[in-house]
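Same order as they appear, the protein sequences are chains C and D.
At position 70 of the first sequence (counting the first as 1) the number is 70 in the working numbering, and the numbers step up by one without a gap.
At position 128 of the second sequence (counting the first as 1) the number is 128 in the working numbering, and the numbers step up by one without a gap.
No lab work stands behind these hints: they were computed from the structure.
Some hints could be false.
Said to hold, decoys possible - SDA-like mimics (lysine to any residue), calculated; alpha carbons at most 25 Å apart, straight line:
(1) D:K3 - C:S245
(2) D:K71 - C:Q132
(3) D:K7 - C:A188
(4) D:K71 - C:E120
(5) D:K71 - C:A188
(6) D:K7 - C:K57
(7) D:K7 - C:G157
(8) D:K7 - C:V64
(9) C:K57 - D:K3
(10) D:K71 - C:V128
(11) D:K71 - C:K57
(12) D:K3 - C:G157
(13) D:K7 - C:T187
Only a predicted model underlies this, so the values are computations on that prediction, with no experimental measurement involved.
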Amino acid sequence: MTRVGIIGLGHGVFGRRSDATVQELAFEAFRAAMEDAGIERDAVDASVIGSVPEYHKQRSLAGVVQEYLGLVPKPTWLTEVACASGSAAMRTAWMAIKAGVHDVVAVIGCQKMTELSTPEILALMGRVGEVQWESGFGTTFPGYYAMFAKRHMHEFGTTRDHLLDVAVKNHHYGAMNPLALFRKEITAEKAKASEDVATPFQVYDCCANADGAACVILASEDRAREISSKPVWLSGMGCASATMSVLRRPNLVGLPSAEHAAAQAYAMAGIGPADVKVADVHDCFTIAEIMAYEDLGFCERGEGGPFVAEKQSYIGGKVAVNVDGGLKAKGHPIGATGVSMTYEIAKQLRGEAGERQVPDADVGLTHNVGGIGQYCFVQVLTRD
Amino acid sequence: MFKWFGKVNYTPYTKVADFARHLRDGRLMGSRCKRCGATSFPPRADCDACMHGEFEFFEVSGKGTLHTFTKIVAAPTGFEDVTPYTIGVVDLDGGGKALAWFGDSIPEQDISIGMEVQVVPRIFEELEEIKVYYSLEQPGTTWSKAEQPW
Ligand SMILES: [Zn+2]
């Protein structure tokens, strides 16, 4: 079976995009990716759209995006697995090319989260978990991750400062990323002065809703070599699930789906965690990045707090993590996030990350989580 | 009658609907597979172990150990009037986990991971309609038409 290469990258600015519809956001990213690839639309065989439908007034989003991109009558479909919808789009496009069905596929992650009113957002927020046994007690998305944080702190001595070290790091790098929602450094003191959300989390432990889109053009190995002088390869593709209900999990100190997905991706790529130079991980909340270090094997279980405190996840440490600002500072337009991660890591492998460039970045990784770990996708990216 | 369960109920129809009737009568029930005997809390109609479709309810003690907790300050729709509230996840002694609010037998400052707690059936007294739930209480707390946890 063919390898699958990344030949085009496009990314719009994340933030409150009151200037654009979701298909207009998608178009920005798609046009940039096509220009980057140096191809015209007739070279694209199909598109896959990653997005979470309940945030949009427009139902069945793939249709309106496909029309606006001018790709009709080519095939298109939508993938949805909550905050990992973008990586699900990546995976289905990769599968289509591996299977020989399509040669060139445009993957577009796009999301508008500011179309809904605050009451609509609050109503959605109440149904984020398993609704039969959990939501009736008023669970929330930050509430779930807060319970992971409390347990992690209890078992391993992870501290409040460890959590905030993640936020400080990601805002540090976000300040250097022109595509990011927040481009300001923060301090732990400022974070500790922010409002409570769900103990131990305050506002600065949580990523922010945003609008945005990213696009990655994938091609079979033959087509990638014809089109691109610098293809980046999808060398390891892992994907796994975990129970919807946290009550059916053995513990709340990690995400089993991430461990499974990472093991698959490392095995397929023939590498281990120590080979990864740069990674984008799913830091929807500060504890999520600490658990990601551990689930991905960057450090031992329980060592994630000291790992960030010792700056091992900064550029110059063991592995540079979320040096685009992560979900925390870049913003989290949920359907776009997975594609945005692939964009960033491919840019790093091409040596085009500017002042955030990780030296000698030859192996990179993305880790995109849906919900509270119900879904996880891990990609290993390499270059020639 | 599963619509009785929860301050907000999103799933009025389920094969384990009688759970709520038992809860109204002060009994906390798990499920047991009629073929292989596998048990579950929360209950489920279809066996996770052998895929058999017949089950029976059995009463669980509700006793267990606090796995984790959080105080929720930013609340979703339907919970504005009780905010803030503290929820916890309990490892039940007989297997399974439960998620619930803390009741008034455990003051907020006494909550700590690893403490012994009991999941106790409760009823919303102030409502005309029947609304039931369960709360996390000091072990030995019996079902009573007690004060609300907030
Ligand atoms: Zn069975």
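Hint by hint, here is what the structure shows:
1. For the hint linking K3 of chain D to S245 of chain C, the alpha-carbon distance of about 20 Å falls within 25 Å, and the restraint holds.
2. Note on K71 of chain D and Q132 of chain C: the hinted pairing holds, with a Cα-Cα distance of about 21 Å set against a maximum of 25 Å.
3. Proposed proximity of K7 of chain D and A188 of chain C is contradicted: the alpha carbons are some 37 Å apart, above 25 Å.
4. Taking the CA atoms of K71 of chain D and E120 of chain C, the gap is near 23 Å; set against the 25 Å cutoff, the hint holds.
5. In summary, the hint linking K71 of chain D to A188 of chain C is supported, as the alpha carbons are separated by about 21 Å, within the 25 Å threshold.
6. Between K7 of chain D and K57 of chain C the CA atoms are separated by roughly 28 Å; this puts the pair beyond 25 Å, and the hint is violated.
7. Taken as a hint, the K7 of chain D and G157 of chain C pair is broken in the structure, with Cα atoms around 35 Å apart against an allowance of 25 Å.
8. A C-alpha spacing of about 38 Å is found between K7 of chain D and V64 of chain C, which places the hinted pair above 25 Å, so the restraint is violated.
9. For the hint pairing K57 of chain C with K3 of chain D, the CA-to-CA distance comes to about 29 Å; that exceeds 25 Å, so the pair is violated.
10. At most 25 Å may separate the alpha-carbon atoms for a hinted pair to count; K71 of chain D and V128 of chain C meet this at roughly 17 Å.
11. With a C-alpha separation of about 33 Å, the suggested pairing of K71 of chain D with K57 of chain C is violated against the 25 Å cut-off.
12. With a C-alpha separation of about 41 Å, the suggested pair K3 of chain D and G157 of chain C falls outside the 25 Å cut-off, and the hint is violated.
13. Between K7 of chain D and T187 of chain C, the direct Cα distance comes to roughly 39 Å. Violation of the 25 Å bound is thereby established for this hinted pair.
This entry does not satisfy hints 3, 6, 7, 8, 9, 11, 12 and 13, going by the numbered hints stated previously.
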